[in-house]
Every structure is written in C-alpha cells, then in structure tokens.
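Asker: For this one, chain A is given, so just place chains B, C, D, E, F, G, H and I on it according to the hints.
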Amino acid sequence: MTLLYTGQGFWDPIAWLFGTAFASILVYWIWSKGRGDYKKGTEQVKPFLCGNPEPGKSEIHVRASNIYWGFVEALKGYYEPLIGMHTGELSDYVGWFIGGLALLTFVILVV
Amino acid sequence: MPFVVVGVMLALGLYAILFSKNLIKIAIGLSIVESAVNLFLITLGYVKGAVAPIYTMAPAGKKMVLPTPQALTLTAIVIGLATTAMLLSLIVMAYKHYGTLDIRELRRLRG
Amino acid sequence: MMEYWAHFFTLIVLVVGAYLAVFLRSLIASVIALSAMSLALSLEFYLLHAPDVAIAEAGIGAGLTTAIFIFALRGIRRD
Amino acid sequence: MEHLPILVVAVPLFVAFAIPLIDKVGGGRYAKEGVTVGSLLFSLIGMILLLKRVAALGPQVYVFGAALPTLTLPTGMKVPIRIMFEVDGMSAFMALSGSIAALAAAIYSIAYLKDETGKDRFYVLFLLLVVGMLGMELTGDIFNFFVFLEISSIASAALVAFRYYKAESIEAAIKYMVVGSLSALFVLIAVGFLYGKYDALNFAAIAKRMEFSWADKIALALLVVSLALKCGAVPLHMWLPDAYAEAPASVTALLVSVSQASLYGLFRVCFSLFGVKMSTLTVGWIVIIFGVLSMFIGVTMALVQKEIKRLMAFHAISQTGYMLLGVGVGLAVLGNPFDLKSYGLMAMKGGIFHIINHAMYKGLLFLTAGAVFYRAGTRDLNKLGGLAHNMPWTTVYFIIGAAAIAGLPPFNGFASKLMIYESVYKFNPILSIMAMIVSVLTLASFVKIFQSAFLGPQLPEYKDIKEAPMSMLVGMGILAFVVVFFGLFPELIVRTIVDPAAKALVDQASYISKVMGGM
Amino acid sequence: MRMSKIVRTITALLFWAVLVFGFYIVIHGHLTPGGGFQGGAVIASSTALFLIAFSKDEFLRKYKDVFLSVAESGGLLLFISIAFLGIGATFFYNFMANSGGIFGSPTPIGINDGDLNTAGTLPPMNIAVGLEVFGGLSLILLFMFLGAYLKPFSKESEVHEE
Amino acid sequence: MGRALKWVSFIFFSLILIWGLVNIHPFGEPLQTDMDEYFINNAQKEAAANNVVTSIVFDYRGFDTLGEATVLFTAVIGVTAVFRGVMKK
Amino acid sequence: MGSYIATMILSYLFYLFLTMGSGNIGLWSSSELLVGIPVAVIAGLAGGRIFGEYIPSSLLNPYRWCLFIYYLFVPFFTAMAKANIDVAMRVITGKINPGIVKIKTGLKKDMALTFLANSITLTPGTLSVDVDEEENDLYVHWIDVKDVTPEPRDVCGDFPEWARRIVE
Amino acid sequence: MSGLIALFLVIGIAFNCLGAIALYRFPDVYTRLHGATKATTFGSIFTSLGVIAYGFTKWAYTGEARFCVLAIHAIVALIALLLTNPTGAHAIAKAAHRSGVMPKRAVVDRLAEREGKW
Amino acid sequence: MMDMSGWFMATGVLLVIFGFLAIGRTALGPTVPDRVVGLDTLNTYIVAAMIVFGAAYDSVIYVDIAIVYALLSFIATLFIARYLERGL
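Chains as they are written, first to last, in the working numbering: chain A, 513 to 623; chain B, 542 to 652; chain C, 1102 to 1180; chain D, 962 to 1480; chain E, 3 to 164; chain F, 1381 to 1469; chain G, 5 to 172; chain H, 1071 to 1188; chain I, 11 to 98.
Keep in mind that the hints were calculated from the coordinates and are not lab data.
Think of the CB as a built atom: it goes at the ideal place given N, C-alpha and C, for glycine as much as any other residue.
A couple of the hints might just be wrong.
Unchecked claim - Far from chain H, some chain G residues (derived; all Cβ distances over 12 angstroms):
1. G6
2. S7
3. I9
4. A10
5. I41
6. P42
7. S62
8. L64
9. Y74
10. V78
11. N140
12. E165
What the hints assert, rightly or not - Some but not every residue of chain E turned toward chain B, in silico, with C-beta under 10 angstroms:
13. F39
14. Q40
15. I111
16. G112
17. D115
18. V135
19. I142
Chain A on its own, in the form it takes in the complex (with noise of 0.2 angstroms):
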C-alpha cells in the first residue's frame, strides 16, 4: 500500500511518519528535562539586546528582495546574462522560438 520501490531502494511514508514522531517524542522529551523557571508576563519574555532599545516591528522584518542577496551576487556573473536574457520583448521571444527551431530542425535531420 505504501511501500514504494523506487528502482534501488524504497520509499513508505508511515514508516516515516512513524520515526519522525518517535524523533520528535524524543526531543519533547529531552526539553522537558530543562529548566521550568521561566515565567510569562515577567521582564523574561522581552528580548534582551545590550540595554538597546528594540526596534520596531516593521524594522525586524526582513524585506524579500534581500533575502539571498549575497547568493545573487556572487553569481553575478552568471546572473547578469540570465536576467539579461529575458527582456520582455516579444521579437525576443519569438526568436528564441526560431532560433531553437533552427537549431533542432538542423540538429534532427543531420543525425
């Protein structure tokens, strides 16, 4: 029913299923040998920044665009051609659609 055999090995989920909830029972159990001093509604729960004060809750948000940026930069070479290529003009597309059908038109009657 679920055991799935994908060429070399296999795959079923509920025994996933089964050893993750049995990993997760086990950390559960592991925290809650911890500490239980902390209290709610006390100074505990406030983040604790060097004696600064907390910025805003708009200003600890991390902006989408700037997620990755350093992944995006170090492959600046290798993106500034790709965005470079869609340029959004459609006789660009057209002749990408040309272009490939020249090239695999060429490529099928030659082989």
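Answerer: Leaving out everything else, chains B, C, D, E, F, G, H and I in the frame of chain A:
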C-alpha cells in the same frame, strides 16, 4: 511551384513577426503566416487535371482533388480569424493602457 | 499550360501583396496590401479547385479580417 | 458506458454553450457557478470511471459518427477515416489530473471573483479551457489535437487578459497570444507534412506508416519545439512567467494543467507517433537537455524574483524540467530493452508521477498566492509580511504545497523526485546531481516566500485582514488533501495509475493495434 | 456618423440581397460550395455593411447585442444537440441520412443536379453553424467597433507596483 | 537575444523550411490518396451529400467542426470579455 | 408594412433566381420553393425597414422597370461605350483638364440621386465625388472642364432627366 | 456563335487592359479612378457577357441545366459588380478628398471651396 | 461542339496579369487613396477572372464565389474608405 510561394510567404510573415517593432505589424505577420499555412494545406491536396470534389453539376469524367485538406483548411481559416480578432482586441486594449504599440516599450514584465 | 500561367501570376500577386503588407511603412497601407493578398489567395484557392475554401477566404479573409483590422487601426489612432 | 470518453468532454462543452443563455434568462444567483462546478464534477467522476475501464479493458477508442463506437476501420479500408478518441493509460491519467485541478480551481473562483464583472464570460472561458485541455489529452487525431490546442490557447489568452483594467495582464496576454498562435501554426505545418506524406491524420495510422524520412524529421522538429514552447521549456519559456503571474489565481492553477497537456502532446508525439522508428537517443537527449536547462534556469531565475506568483511561475518551469528529464531518459533508452527495463521505465514513472504531483501542489501554491492577493491586495513580496497571524489556514496550505514542491518527506513531491533521482543516476550521474541541487534551490526560494510573506511580525497595514473565504478554502483544501494523500500512499497511486500510464507510453504496438487491428 | 447618401442607398438595396445570398449558401451547403461557415460569414458581412454605412446607434437599434449573443449560443447548442441526438449509435452519427424523412432521401451516385432534400443531419448542422457564425462574427465586429472608441485608461492605473 | 543571432536563425530556418516544402512532392501529384479516395467514392452513399467537402466537414470530421465552432465561440467570448466595459452604460 | 412585404417578395424572387434549374416544377424543385419562403420572410423582416426608407414605392410600377431596362441597354450603354473610348483616348494622349464642379440636380429622392451618381460615374469624363446631403447636389470630378459653373446638361447629358423619369 | 463570344472576350480584354494602363498613365487619384472604374467595369461587362452567351448557347444546344445555371449566376455576379463598382469608386473619391488628397492640375475645385480648403 | 475553354482560360490569365499591374499601383501609390484604387481595380479584375475561369473549367458552381467576392470586396473597400474619411 505554390510550395515555393508558401515558403516565401512563411519567411515574410516570420520576418514581420521577428523584426518589426509595431504590434499591428506583428498581427499582420501572423495573418500572413496563417495564410501561407492554408495555402500549403490546399496545395497538398491538389491533383493535376482534377475538379473540385462536388458532384453537383460537375463536368463529366474528371478526377477530383483530395477533399480532406479543404476541410482542414476551412477549420484553419476560421481558427485564424478567431486568433486575429482576439489578438487585435488585445492590441487595442494595450494601446489604451500604454499609449503606444512599440514592443520595446511594452515590457513591464521582464527579468 | 495556360493554367500554369494563371497559377504563376496569381502567386506573383500573392507574394507581392505579402511583401507590401510586411514592408510598407504606413499601417493602413499594410492593411490594404493584406486585403489584396487575401484576395489573391482566394483566387489561388479557386484555381486549385477548392471553391469551399475560396468562399471562406473571400468572406472571412478579405471581408471581415480587413474590417477588424480597420477597427483596430481606429482604436489606436492618436486623437 | 462506452460513450464515456465523449461525455467527459461534451458535457462541459454543452454547459459552456448554455451559460450565456442561462445568464440571459436569469436563473438563480449562483446558477452559473453551480452548473460549472456540476459539469466539472461530472467530468471528474466520468474520468475516474473511464480510468477504471481503461485499467480493466485496455485502451478505449471512440469513433465519432461511425455506426459503432469501436468501429475504427471502415469495411475494406486500411486507414481510419473518422476522428476518434483514443484513451490509453497515459491519456486517462493526464485527464484525471487535469479534472481534479479544474474542479478545485472552479470552486475556488466562486469567492475569488466575487467583485469582478463579466463572471458569466469567465466561467464560459474556464469551461472551454478545461474542454480544450481534456480534448488534447483524449484525442487520437493529430488535426483534432491542433484544434483543441487552439481552443485552449485562445481561452487561456482571454483568461489571462480577464482583468482588462490592468496593463500588465493585457501585455502578458498579447505575448502569450502571439507566441502561442505561432507555435500552433507550426504544429499545423507539421500536420501538413505528415498528411502530405501518409494521407492519414490518425496518430496510430501515421505511426504505422512511419518511415522517418526527411519530411518526417522536419515534422518531428516542428512538433517537438512547438509543444516544448507551449509547455514552457527553457529557452522557450519567456511567455510563461508573464502569463502565469498576471492571470487570476484560479486560472493559473488550471494553466499549469493546460501546459501539461502540451507536455503530454510532446510525449505522445515522441512515443506513440514516432516511437522506435526515429533515432530515440537523439530526441531523448534533446528532451533531456530541455529538461535540464528548464530545471536549472527556472529555479535560479525564481530565486531573484520579487513577485510571489512570478516566482512560482518560474518554479513551474523548473518542475516541468523534472518531467522532461524523467521521461526524456525513458525516451533515450527506448530502443534498448535492457536499459529500458532496468531504469528507463522507472525514470518515466517518476516523470509521469511528477506530472500529477506538480499539477496538484503547484495548483495549491498558486491558489494560496491568490488568497494572499485577495486579502492583502498586493503580490509584491517586499510589501508582504506576517500574514500567518491572520490567515492560518492559508499558511498551512502553503506549507503543505511548499514542502511538496521542495521534495520534503512525507509529501508527494518527495516520492516522485526520489524515483527520478535514483533512476536517472544510473543513466547519467551528473543529471541526477543537478536535479538534487535544483531541489535544494527550490526549497531555498520557498523559504524566501514563506519568510517574507507569512512569517515575521504582524505588519500594521495588514492588521485587520481576515482569513480567505470559505469556497477558496474548500478549493485549496481539495488540492491539499490530494497532495497529502498522494504523499502518504505513493505506492497505491504508482501501481494504479502511473504504472499503466508509463506502460502505455512505451507500448507503441498496442496503441497502434487498437486502431489498426493486428500488426 | 454615416457614410454618404449614395452608399446608404446602395446598402439598402444590397442588404437583403446579401442576406438571401448568405442563406442560399448556408442551405445549399451540401450541394454547392459553401456551408455554415461561409454562409454565416456572408450574413455577418451584411451586418458589417449595415454597421459601416449607417451609424452604430442605428445598428444597435436594429441588432441588440442580446439577440446576437442568443443567436450565437443558440446555434451552438443546436449544433451540439444534433450531434448528441446521434448518440444512439455514436456522437455525430448521421442518423437522418438515407432514412427517408426530412432531409433523408438518398443521393444518386455520380454526377447529378442535386436535390435539397438529402444529406441527413448536414443541412440542420449547416443552419446551426450559420446561425452561430453570424452571431459570433457580428458580436466581434460590434464589440471591436465599440472598443475602438474607448477612452484611454488614466495614468494612475498604469502605475506599476514597485 | 542579439539581432545577428535572430537574423542567422531566421535565414537558416527559412531556408530549411523552403527546402523541405519544395521537396515534399511534385506539385499536383500526391503520393498516397487512399483515405481521400474513400471519401470521394463513398460520401454520396454514406452521407448522402453531393458536396464531399461538406460531408467531411460535418460528418466524417464533424468533431473538428465542433471544435472549430468552439474556437470561434471562445474568441467571441474573449473579445466581449476584454471589451466588457463598453456595454456598461 | 408594405416595404416589408415588397422586400419579402423581392427576396423570394431573388432566391428563385439563384436556384433556377434545380428541378422539374417549372425550373425549380418543390423543396426549393418551400425553403425559399422562410428565407424570404427572414430577409424581408431584417431588411425591410431600410429598404422602405431608401427605395421609393414608385419603383413598384412595372412600367418603370421596362423604362429602366430600356435605359440600361440603349442610352446608358452607348454612353458607357463612348466613355470608354474617351478614356482610351485620354490614356493614350494623356490630355486632361480636370476639376471638381458642382451640379444642381434638382432631384428629390435618394434613390434617384444614387441612380444618377452611379450612372455618371460610369459615363464620359465624370466621377461623382461627394453629395450635398440637404440640397441633393452632386460634386463631380470632371476630367475635361469646359466651364467652371456648368449646367447639369453639359456635364452629364440627359441622365437627370432619365433618373427623374425612372425613379420619381 | 463562338465568334461572337470570342469578340466579347477580346473587347473585354481590351478595355480591361485600358484600365490597367490608366492606373499608370494618369497623375492623381481621381483621374485614375476614372480610368479604373469605367474601363474595368465596361471590360468586365463584356467578359461576363461572353460567359453568359456561352452558357445560354450551350444550354440551347445541349439542354443541360447546368449551363443555364452558369449564365444565371454570371448575371447575378455581373449585377453585383455593376452596383458595387461605381459606389466603391464614389466612396474612395470622397474619402480621398476628405483625407486631404487634392486633385492635381485642377482648374476648379468646388468641393474644396465649400470646405474652405482651396 | 464548341470548345471555348482555351479562349476563356486565356482571358482569365490576361485578367490576372492586369491584376498584377493593378497591385503595382498599390505598391507605388504615393498616397493611401491611390493604393485603395489599386485594390479596387484588383477586385474587379479578380471577379471578372473568376467568372471567366468558371466557364473555362466548365464548373457551374464556381461562379458563386465570384458573387460572394463582388459583394464582400465592396464591403472591404467601404471600410477602408470610411477609415480614410475619418468617419470611423
């Protein structure tokens, strides 16, 4: 001989689609390509010295051209009209939005 | 033999129409050339013994396509 | 029962024709929504029955206009002369996946389009899009395939432009329209080549007569490239993000399935029309290269997008790459029975399983993006944030979809991707490793959406937005249920529907002999 | 605005003739070249003629868009219903041909003068398609004509979300 | 996509296509005609119509015609949907 | 009402004219005669109003038809032949002296004006360019201007007279 | 009879040829329209008359109904041509004048005087 | 008895050649109305050619196309004319 003309018309239409900067010209190019395809289909069914496949008052003792391409072309013509109408109405709408039909300026969607 | 020349000149008109439709500057002239091409195409269908298709092309290609192209040109006129 | 193949297509078509009249006559407030959902439900149930029938009795043919539905050849003729539907495992599989997505999207759009005008036209176009998709998948006639391709292409262009007051929708629709009609015209040229050579229009009849001479090669190239364009393979994918991002969300969820119908067409052309008579290694490698390029460029472009639906659209390209890769490997080894048996079939199963998985979870993701847009009013990830506070159900659905697309266990994406990795590794390890890298990058970009749209503190401008309306939640819920179900019982799905589909693709001989009689 | 008097008079003179000719093409679809699509296009051309020679107000007085839309949908429903009627055998089965009833007399084999009362479901289908094509093409013409006069959208709606 | 690349692929593809079209078969002499001969010979008997093209369009390939009518319907609905603002007066 | 019926009858006649030679009841078959009726009714209903608006009822008189046919074959045809020889001469010699002149026709009915305009378009040296909607005057492009304010007779012979006799 | 038909055809060809030449010989739109409309209409009348005469003669000789139909339909086409051709010419001439194309070498232009363009 | 199809065919071919000349005016025409004149003349030639070819091919039913053609090309001309006179 019509086959050559089909090729030339296809090339002309593709030229219009690829290298012109105006969307109406692109629509015209598409229309030309579509006419070329219709002509191609009809030419496939032509038989030398034959008459149309209609028995009403036909001249006696002649062969008939192949009817299937004609049926297909009929379909293709109506489809072409539908495409052209849809495309042109979209183009009119785009003009109402952008104030131009130059494809170099119709590219807010890119990257 | 005669038929050959009929085909030949119709096809020439066809190609000239297509060429003009692509290369003329003014859009309305392009549409006129497209209409002419459509007419010639209809005659070519006629000569290829496809009267059904010729009627469809005459009605749809020459008549109504020109009409909707003209409407589109009216829609994009700058005034 | 033997009329099932046509009823599945004709009933939605009939309803689509009737909706303008229903709207003119009056009817109830939700009359058009009701008949739309009803006909789609009918078509889904019909599809399930048809699938069972195909599984039990082998490929089904339905000949239009003949005295009997199974009378493929007229007396004394060697070629079929009428149009026929030919439903084998693969067609039924694709149509099933399409009709599930269509039903969910239709239910979703009831609330999603509450404030739009022209709803009757929307439902007509929606049904026509479904009909076009189902027709493409069920038909056994190459010209009929073109006709349905045109239906789906025009309907989807009109639906992309449905929000005519937005400039971007019109722009995307124009681009889609030009590119789509041009590629459809090239399909027609290829049909012309095949017709001129073999004087037949049926897939099986042409396949039986196939010689693979130069004209067929040109036709093959035209068909492959045109259909690859319609399914959005790199470098012919440029229209796809535009169209997907600008269409209404429920349409986008369906457009995924429609693109897959073109993908199905590509596979059908390669496997059933040309089959072993062509140089399968070349074409297989072409498909694989399309696939790898799509996977890689799609996912890397997705990483830098700032708009939620555009990002998901690039992922759609990338996931299409997986399917192309899996089935392409199968195609490349089609001429080699040993390799086919040892890993080719498994790769194809992975690719085909991925098709239905992708239709489900990518539909779900687009629907959640639509829900976000419906409530928050923007799709820009830079502006969104903290929506998990207000929209818990949407968040849950998004997590399910994102985990599935990224290939996290126990969702369905993992199972199909695992099948692809393991079998492709045997064919060429580099491809497999690239697929894994792409999977990691997919996860990364979905973390990006999740972080910037749903996580984070509650932003002041989104303080008092509510959870998405009921019908949208139901629509998303159907797809989420299917995703979880497929994830938990992958073997059941693979055994019952995916395996017959893969076998049907490979088994060209039985496809031909069903129409043409014994070979 | 209307075209000049001469054109309008000729339009009045040709209008019914185009209409009758369109019907002729539709009805004789199974005998002579033509059929539903071509005849429908000719009939739609008559509406185009009316639209171009007279003003759009006169056109809208003559043809309500509801009427055109009903013609279109009704034609299609008729078409698919005729196809459904054949489902005793198969979809699109020509159940009326050679059955002896209306449109049911058999055709002599070979070249003949043609009889209107033949061809089974083909003439009804031609009529249905003619109706549909007439309605559809007229609607396209009407809406593109009206759409051409739309005001350009204001600049505010063009601002792209950045 | 550069202009030069576009030109090269355009010319190349056009040449291939023209070559293919010219060589497909001699003008006016189709290679195989068995399906069409069936139509020409049997249309009068089966569909009882003199016009073979119409009998193909509406009988033998009627489903195509339904699809074609649907395409037209789709375009009409699409055009009216795009221009649906004009009737709101 | 009358115009609708007239249009129906004309439509029926036109339909019969088109289907001439289809059978053996006279020249027609019974089904053609039958089918013609709904066609004529629809065409009459659709086209009757504008037909009645522009085509005067005086044209129902058969005497005028005979006159029209006589006109078509004798004066009109000779004028047309003359026109073509005239054009031929001008094409060969290239001798032109064009201008647009206004002629007062004095016709009341649109049909008569149309008749006149189309006649003079096809006859020597003249081409109707525009029409004054209120006064029913024609602006004519005259290829060989002899007089800048001509009488109608100088430009187009006795066609206005014919138009009056046939239509009005 | 065939001599007469041939004569008709030859006359038709001659006038049609004249129309084509007129398109090139004349200097502006209006004069070209003169040549084109008159000559082509007249020429087409003659070629069609040739066909009509052919149809009726054959009908009289052989008694086959199709030749009668040929003649009838040719008559209808001819009438359509006769009605539409001058009207089209008029529409074009009016459109040309409205769009600002003035007649060349004109000695007088009353229409432009009315519209104040002279 | 009388076989005129050669004559008719020749007439048709000549008409098509004149049509070619007419499209030359469409190509050259300095102004747009000139091009429309070319189109209109081409229409007339093609209708005449269709009638003549119908007789040449001995096929009665082909003449229907000429009728459709004459009517519809007129409509196309009217559309273009109305566009040019800025009435649209």
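Asker: Hint by hint, say whether it matches the structure.
Answerer: Status of the hints after comparison with the structure:
no.: 1; hint: G6; result: holds (23 angstroms)
no.: 2; hint: S7; result: holds (19 angstroms)
no.: 3; hint: I9; result: holds (23 angstroms)
no.: 4; hint: A10; result: holds (18 angstroms)
no.: 5; hint: I41; result: holds (20 angstroms)
no.: 6; hint: P42; result: holds (21 angstroms)
no.: 7; hint: S62; result: holds (20 angstroms)
no.: 8; hint: L64; result: holds (19 angstroms)
no.: 9; hint: Y74; result: holds (16 angstroms)
no.: 10; hint: V78; result: holds (15 angstroms)
no.: 11; hint: N140; result: holds (15 angstroms)
no.: 12; hint: E165; result: holds (19 angstroms)
no.: 13; hint: F39; result: holds (6 angstroms)
no.: 14; hint: Q40; result: holds (8 angstroms)
no.: 15; hint: I111; result: holds (9 angstroms)
no.: 16; hint: G112; result: holds (7 angstroms)
no.: 17; hint: D115; result: holds (6 angstroms)
no.: 18; hint: V135; result: holds (8 angstroms)
no.: 19; hint: I142; result: holds (5 angstroms)
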